[in-house]
Amino acid sequence: MLRNIPNRVDFEDLKLFLDETSGGHYDFSYLRIDFSNNLNVGYAFVNFVRPEFITNFVERRVGKEWNMYGSLKKCEVSYATIQGIDCLLAKFRNSVVMEEIPRYRPKLWYHVDSQDLPTIGGLPDLDAIGTEVAFPPPNNEQKRRRSRDNAGTIGLFPPRRGRGGYGSNYREGQYDRGTSFAIAEERQIEEQRQLRYNERRAIGYHGNDRVHHHYGYRNRGGYHQQLRFRNGRNYDDEEDDYFDENDPSFRRGNRHFDYRR
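Sequential numbering of the sequence shown, starting at 1, is according to UniProt numbering.
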């Protein structure tokens, strides 16, 4: 397991980093992602095909800076609880993470010991070493269904800190970001949230010498922004100072409120 990875590193950056010292020496890699921000969570799994390849990587990389995105983090390694390509395949081929967009999935690679390299003129194509191998399809529908149900409850590999008003174990939908199922479901959830919001709010009125406010929706630039209607006049937070962050109805960054940045 590779640890202390700069969070902006993606799977392509990680492969370049590995190939500089260990090209063709590993058959599996998986950079875990926090789907709330599409950044990695700081560690990845890599399976080297020979023990001496691990030693070579440790000597050349561990304790040295990543030198990516201005980060001063240094590469660290530790043993993962799952060892060996067979165990990794058994775990991930039936995981719902394989329904994510390709860049977020576990990857298999041709390596120097591959017995199934593509051939050219009857000879193995050595140029294929280091290129991606198709991941085997799921072979256990029960495990697949259980993985999808777990993703609907706690998400795929959630961050350590809790998010949102329902805590770290809350998921709005049963799919994670990146799949066509997730896109359609997220759109439906947002439409329902907007409808419920509009139904809860009443038109502003005067009473008991107090001004009551009405909050409404307006879509702008892909974000949902609240506008305050006071005495029939609109005050936009980008133009005036009437949008008060101390107002209890205003919470920046909370996905259960309707203002998002």
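Just so you know, the hints here were simulated from the structure itself, not pulled from any lab data. A virtual CB, placed ideally from N, CA and C, is assigned to each residue, including glycine. Misleading hints may appear alongside valid ones.
Here are the in silico distance ranges between beta carbons for each label pair [what the hints assert, rightly or not]:
#1 Ile189 to Ile85: 32 to 40 angstroms
#2 Gln115 to Gly23: 40 to 48 angstroms
#3 Asn67 to Asn198: 19 to 27 angstroms
For lysine-lysine, the following DSS-like pairs were computed, each having C-alpha atoms within a straight-line distance of at most 30 angstroms [what the hints assert, rightly or not]:
#4 Lys73 to Lys107
#5 Lys143 to Lys73
#6 Lys107 to Lys91
#7 Lys74 to Lys91
#8 Lys74 to Lys107
#9 Lys74 to Lys15
#10 Lys64 to Lys143
#11 Lys15 to Lys91
#12 Lys143 to Lys107
#13 Lys143 to Lys91
#14 Lys15 to Lys73
#15 Lys64 to Lys74
#16 Lys143 to Lys74
query = For which of the previously enumerated hints does the structure constitute a violation, in increasing order of number?
reply = 2, 3, 5, 10 and 16
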